[in-house]
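Order-wise, the sequence lines are chains Y and S. If you want my numbering, it's the 1-based position in the first sequence plus 2. If you want my numbering, it's the 1-based position in the second sequence plus 18.
Calculated directly from the structure, the hints in this document are not laboratory data. Any given hint could be a false lead.
Stated by the list, open to error - 30 Å max Cα-Cα, derived DSBU-like pairs, lysine-lysine:
(1) Lys87(Y) with Lys65(Y)
(2) Lys81(Y) with Lys65(Y)
(3) Lys196(S) with Lys232(Y)
(4) Lys51(S) with Lys216(S)
(5) Lys233(Y) with Lys322(Y)
(6) Lys217(Y) with Lys87(Y)
(7) Lys233(Y) with Lys216(S)
(8) Lys217(Y) with Lys233(Y)
(9) Lys286(S) with Lys42(S)
(10) Lys286(S) with Lys322(Y)
(11) Lys253(S) with Lys68(S)
(12) Lys253(S) with Lys61(S)
(13) Lys232(Y) with Lys253(S)
(14) Lys239(Y) with Lys286(S)
(15) Lys61(S) with Lys35(S)
What the hints assert, rightly or not - These stretches of chain Y come out as covered by chain S in the derived footprint (C-beta under 8 Å, 3 or more residues):
(16) 68-79
(17) 218-226
(18) 311-321
What the hints assert, rightly or not - Restraint-style ranges between C-beta atoms, simulated for each label pair:
(19) Gly128(S) with Asn213(Y): 52 to 58 Å
(20) Phe172(Y) with Gly128(S): 36 to 42 Å
(21) Leu109(S) with Lys233(Y): 51 to 57 Å
(22) Asp63(S) with Ile27(Y): 58 to 64 Å
(23) Asn213(Y) with Glu274(S): 53 to 59 Å
Cβ coordinates follow ideal geometry from the N, Cα and C atoms, glycine included.
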Amino acid sequence: MTTNKQKNRWLEPRIELPATEYRLITLASFFLPILLWCLVSYVPFIWHPNIQITEPGEVSYFKEGMLIKREIFALESEKMLSQAKKIPQGIPANPIYLPAPDEVVRALYTSFTTEPQRRSEQWLHESLWHSVTVVFSAFFLSSLIGIPLGIICGTYAAASRLFEPFVEFFRYLPAPAFGALAVAILGIYDGPKIAIIFIGTFFQQVLIISNTTRKLDLSLLEAALTLGAKKLQLLFKVVIPGVLPDIYRDQRILLGWAWTYLIVAELIGTSSGITWFITQQARYKNFDNVFAAIFIIGVIGLLSDIILSRLAKRLFPWDKSVNKS
Amino acid sequence: MKPLQLPSYLDQDTAVKSRFDALKNRDVILEVKQLNKVFSSSKNDVTALKDISFVTHRREFVCVIGPSGCGKSTLIRILAGLESATNGDVLLDGSPISGPGPDRGMVFQGYTLFPWLTVKRNVMFGLLNQGASAASAESEAMQWIDLVGLQRFANNYPDQLSGGMKQRVAIARALAAKPRILLMDEPFGALDAQTRAKMQSYLLEIWRNIDITILFITHDLDEAIYLADRILVLKANPGEVHELIEVPVPRPRKTEQFITPAFVATRKRLDDLIHPIGADGDDDKLNMIRFTQAGDDIEPTE
């Protein structure tokens, strides 16, 4: 009976995994895509649609190091063979836009250690830091207004009717469309970038937080009323502490959205930050550097989310759902 | 089988009778006069409560029972001020109520402790609203927590307590705000039978020791007889007073009294009022098909 159950556990709906299995599968979640990447990169007969020329032979336009489509290479080789000329040599290779893991790892290291090519340009860590400040200032500004407004809309019907219809309309307007306007008003530096992330985050934030606030159990408010709580006491002593852990969860999701607007925002006005680095490197066809930069953004996002979720356990020790995740 | 020979539920022995005489001479705490509640929608009006009138005296324990849909929850929510009556008056100590307030404490059926506050802070909630200092609120809250026997859990969060313990904290929290009357809306409805029995004895113990009048809603007939001085029986569609029964079971109440003639007679009367014979009789009969004859000696045929 028990052995039978253990065998089929992965197919049982909503059964908790034992600790070791839990950890192993979590690791696999990262390990499997990397394994797939390694396979495609290092095993010559998997994919590798190109041939990298090592010896051009007598083909007029082949040069050493050139990437040539497999079919064209075969065609040219046959032509040389039939004309009894020297045939070209080459090794299977992937397209330039898919660098191998080791190249990306090396790029990760060298991109932090190589000096910028021109003096006016920034080091990678400087561009990164610039991006982080832009995201967090925009998110901070958005939260500064969005959270209180969301809570008020979720608590008072009048506020909800006054703000939500307009916010509902505004959130369908694509934030990047305000780029030109933002530059006209706020100049070409960080101002318009922060504005775009703000527009992309704020309107969703108000609606999400007002909905979260509305989910607070009404009977808690009724209980507070029978205990003599009045108007503002209800807001500050019941509504706000009651919804705080849920708002915190919303904020974690919203921060992810703010990051997705970063790339668009950084293209507005003068290109800057991590986006500047990525577009610059792509222009030079340094795709290993591009992957390294994308990877760094992912790590920053994941790390900040882990830190926030750890912090939640300390902030809301009474909240069961926080302590589970 | 011969039916039991029961006394009338109206018969009261001298001790019970003199207790009721004394009770009726006490101050009136809550007076409900000609209370009506109509829920109006665009299509039709539904009368939930019709001409409800009754009084409760100081330190009286009144239970309200009735079939589902008789408006007993609506009644208690109106008394608490969480809903308004269509017309009629609710007087507390002779003056009409306006909105909810700490003079009418309430214990709900669902768990309504504030999950972000510890047991102690939950009990302090009402005291702090009334402007008590943190120190005095805390020491007073601890007394109420002692009263419900949860001093060991004073610093726990509600999620760490069992259902029965949660309701004990809810009672302590309501009482700490020093209400004139405690309104209880099926507070033990979600508990298992054993915990519920324990909570009933607890509640009687608390009621005996402090100056509190209790109005208690239940659908459990035994619970009503065990707890109440008087039972307000409502009927449904529309919710009207059916009868106000004086429970002839002497106090102090004990669980052994469940099988005394006075108790059983009262129970029979409540049963007749709430489930009248023939009211839901014939259409409810199950059309049973026999699937087996095997082992048909499970019960003798009549």
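Here's how the hints hold up against the structure:
1. In summary, the hint linking lysine 87(Y) to lysine 65(Y) is supported, as the alpha carbons are separated by about 16 Å, within the 30 Å threshold.
2. The straight-line distance between the Cα atoms of lysine 81(Y) and lysine 65(Y) is roughly 17 Å, inside the 30 Å bound, and the hint therefore holds.
3. Taking the CA atoms of lysine 196(S) and lysine 232(Y), the gap is about 17 Å. The hint holds against a cut of 30 Å.
4. Pair hint lysine 51(S) plus lysine 216(S) does not hold up; C-alpha atoms about 35 Å apart against a cutoff of 30 Å.
5. About 29 Å separates the Cα atoms of lysine 233(Y) and lysine 322(Y), which keeps this hinted pair within 30 Å; it holds.
6. The hinted pair formed by lysine 217(Y) and lysine 87(Y) fails the criterion: a straight-line CA distance of about 79 Å is larger than 30 Å.
7. For a cut-off of 30 Å, the pair hint linking lysine 233(Y) to lysine 216(S) is broken: about 37 Å separates their Cα positions.
8. Note on lysine 217(Y) and lysine 233(Y): the hinted pairing holds, with a Cα-Cα distance of about 19 Å set against a maximum of 30 Å.
9. Restraint check for lysine 286(S) and lysine 42(S): the C-alpha separation of about 25 Å stays at or below 30 Å, so the hint holds.
10. With a C-alpha separation of about 46 Å, the suggested pairing of lysine 286(S) with lysine 322(Y) is violated against the 30 Å cut-off.
11. Between the alpha carbons of lysine 253(S) and lysine 68(S) the distance comes to roughly 10 Å, so the proposed pair stays at or under 30 Å and holds.
12. With a C-alpha separation of about 24 Å, the suggested pairing of lysine 253(S) with lysine 61(S) holds against the 30 Å cut-off.
13. Restraint check for lysine 232(Y) and lysine 253(S): not satisfied, since their Cα atoms lie roughly 35 Å apart, outside the 30 Å limit.
14. Proximity of lysine 239(Y) to lysine 286(S) is assessed by CA-CA distance (about 47 Å); at most 30 Å being required, the pair is judged violated.
15. For a cut-off of 30 Å, the pair hint linking lysine 61(S) to lysine 35(S) is broken: about 49 Å separates their Cα positions.
16. Beta-carbon proximity to chain S at under 8 Å applies to 0 residues in the segment 68-79 of chain Y; the threshold of 3 is not reached and the given coverage is violated.
17. Only residues whose beta carbon comes within less than 8 Å of a beta carbon in chain S count, and the segment 218-226 of chain Y has 6; three or more means the coverage holds.
18. Judged by the Cβ-Cβ criterion of 8 Å, the segment 311-321 of chain Y is covered by chain S as claimed, because 4 of its residues qualify and three suffice.
19. Look at glycine 128(S) against asparagine 213(Y): about 22 Å separates their beta carbons, and that is not inside 52 to 58 Å.
20. In this structure the hint that phenylalanine 172(Y) and glycine 128(S) lie 36 to 42 Å apart at CB holds, the actual value being about 38 Å.
21. One distance hint, 51 to 57 Å for the beta-carbon pair leucine 109(S) and lysine 233(Y), is violated here, with the actual separation near 25 Å.
22. One distance hint, 58 to 64 Å for the beta-carbon pair aspartate 63(S) and isoleucine 27(Y), holds here, with the actual separation near 60 Å.
23. For the pair asparagine 213(Y) and glutamate 274(S), the supplied restraint of 53 to 59 Å holds, since their beta-carbon distance comes to about 54 Å.
Of the hints listed earlier, those the structure fails to meet are numbers 4, 6, 7, 10, 13, 14, 15, 16, 19 and 21, in rising order.
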